[in-house]
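So the sequences go chain by chain: A and B.
Just so we're aligned: 201 in this note's numbering is position 201 of the first sequence, and the numbers increase by one with no gaps anywhere.
Just so we're aligned: 466 in this note's numbering is position 130 of the second sequence, and the numbers increase by one with no gaps anywhere.
Take these hints with a grain of salt, some might be off.
[Stated by the list, open to error] Listed next, the in silico DSS-like pairs over lysine-lysine satisfying Cα-Cα at most 30 Å (straight line):
{"#": "1", "chain 1": "B", "residue 1": "K408", "chain 2": "B", "residue 2": "K648"}
{"#": "2", "chain 1": "A", "residue 1": "K171", "chain 2": "B", "residue 2": "K521"}
{"#": "3", "chain 1": "B", "residue 1": "K590", "chain 2": "B", "residue 2": "K648"}
{"#": "4", "chain 1": "B", "residue 1": "K648", "chain 2": "B", "residue 2": "K658"}
{"#": "5", "chain 1": "B", "residue 1": "K521", "chain 2": "B", "residue 2": "K440"}
{"#": "6", "chain 1": "B", "residue 1": "K521", "chain 2": "A", "residue 2": "K100"}
{"#": "7", "chain 1": "B", "residue 1": "K440", "chain 2": "A", "residue 2": "K100"}
{"#": "8", "chain 1": "A", "residue 1": "K105", "chain 2": "B", "residue 2": "K521"}
By construction, these hints were calculated from the structure, which means they are not laboratory data.
Predicted model, so just to flag it, every value in this text is computed and none were measured.
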Amino acid sequence: MRILAYLTAILVPLVAYAQDRAPILMDVTETHILPRFAQLANATETLATTAQTDCDPASDDLRAAYGRAFDSWILASHLRFGPTETNDRAFAMAFWPDTKGFTPKALSRHIESEDAAVDTPEAYAETSIAGRGFMALERMLYDQAFAEQGRAAYRCALIRAIATDIDQNAKAMNTDWQTYAPNLTQPGGDSPYRTGDEAMQELFRALTTGLEFTADTRLGRPMGTFERPRPNRAEARRSARSLRHVELSLIALRDLAARLSFDHPEIAADLDAAFAQAIDRAQSLDDPAFAGVGTAQGRIRVEALQQSVNDIRQIASAELGPTLGISAGFNSLDGD
Amino acid sequence: MTNRRGFIAGLAAAASLAPVPAWASVGAPSFLAAALFPDGSYRLSGLDQAGVILFSIPLPARGHAAAAHPFKAQAVAFARRPGTFAIVIDCQSGTIIRPLEAPKGRHFYGHGTFSADGTRFFTTENDYEAAEGVIGVWDAVSFKRLGEFSSGGTGPHDMQLLPDGNTLVIANGGIETHPDTGRTKLNLPTMQPNLSYIDLSGSIRAQVELPPALRKNSIRHLAVRGDGLVGFAMQWQGGLTEYPPLLGLHALGKDPLLLSAPEADQSTLQGYAGSIAFSADGQSIAITCPRGDALHRFDVSSGAFAEAFALKDVCGLGSGSKGLVFTTGTGAFGALDPAGAEISARSDCQWDNHLIPIRSFG
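One chain only, chain A, in its complex shape (with noise of 0.2 Å):
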């Protein structure tokens, strides 16, 4: 693709050449989007195979299985749109942020009435959202108002359950990508995007609102206000998994911005530069579930991070927005 793209460049003139989505929408389309799906459907087999032979919360084999679907889901979540957001399954894999502790509430139903709807997976599929997914999942292993509760029997069949409705849920989308794929590589006719310039603001978005996603709301929410940080409300912070979040949705998302900025190496370079700083900064946090944030100094590190993930942002509204030609007005891009 990075070949073809060369190529093209060389052949046509500059005007058309800006009109040429093709190349790009090739390559996000094959090289960033399908396999980062097919990747979380083996993960997720893997945490459903895993979750059969062994429920114990405290099994190491369950918990590294979870944990790597868990990471394949966060590598791939920022594409939130087509077969994503169907039947809602992005919400479904991840209910986050859980602003009503929906999710403590759902288990707890389940397990005080022993819901049988653990015993098919489409039973299940149809219980309330918040019961559903990664972070229901951590509550049954990491939370310890979980491991006691009801019978233990049933609590295993949960967790099974859990796992099992996961692992539908990313085989659906990987399955519903593969026949939604062309219709970024081929927009108009059928396609939902009318235009090459439609597919790739699509692709436009999906790096802008994982940015502002990791940066509001995974980084913003623990940090609450100076007055009041929120520690208790860093993402996943059962698991210790917080930090790791931002830290692989920034890689995730250093790979979209690149293969989007490749016609404009001095934009892609702005941008692998911010990324290179804020994933630096990530991983010299040692904060894992940002209870940090509760110091001053702890938090002044946190702000950091946020202000660097903030600063690729910037780059990505003011340099390679408009430079790819994508229209965004002051009422449309942030109306009201």
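Got chain A sorted already, so can you dock chain B onto it with the hints?
The following block gives chain B in isolation, referenced to the frame of chain A:
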């Protein structure tokens, strides 16, 4: 009620004793709108009928909507959410009478309305720790906080007074946000917007929800016709491969009616309507759709789609003396007439989401 234009004209004449601001000779504004100016400042401007800027007041941050007093030449302009400030403006002089600050634990959503007698002012607010919508009640003379009551849902945005003078109609958009996380939407999988009718003492008269399949259609902006018919504009939070209706009509005691353009047009809107207004004669209703660069007009009595206008980054919409007027993020102000959309003024600024007509209730 005192004729508003006459009243303002009277005030303008009486103001001859005071220093005359530069714009006073041009007359009182017909519209208010917030904008971003090329020097990076956010300002609130008063516009005449043709969209010419009569005055502009610097705002501490990006503005959103404003509410005009029913008979005094006063308006309250809001910061955009999650702002905590609003300013009371003298529309004669274009000066700030006083600031208005949201109480602790609340922020404004950017819209508000006066009571018909001009004694009270109501604001849509977020009780963000509880994630509950609140209507703030203020004394409209002293602008002291009198109290608050539930908005009947989460994320109240626009609010209008019905012609009965005793009922507020509130667009509870359903989306939970918290100032710690900026404008991030925190509850999309469980969101449930509604249209709430609440009397001025806070009692809910009626609530309307859309069918479950449209649960992610955030009801955000409102227009009210002289007979109490409510128009509501929506912003779709679901997948962009669906093209749900973005405009609805509701009369108390009846089922809501959802209006949509044919799919070829509807599919270009990216699920987003920014503003809504009835035409002055009440026969038409329109929405602006900045993400689709379109303005869609419908016939109210038949509910039929009438026409689409292609307008770059159009968002502000209001009813002018002759017909619907609009503003765009490219600085244009224009009006719809049978021949099409005619731009009457171009300002060197980016008009923000809303255009607020300054006039009393139809």
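### Structure versus earlier hints, numbers of those that do not hold, lowest first
Structure breaks hints 1 and 3.
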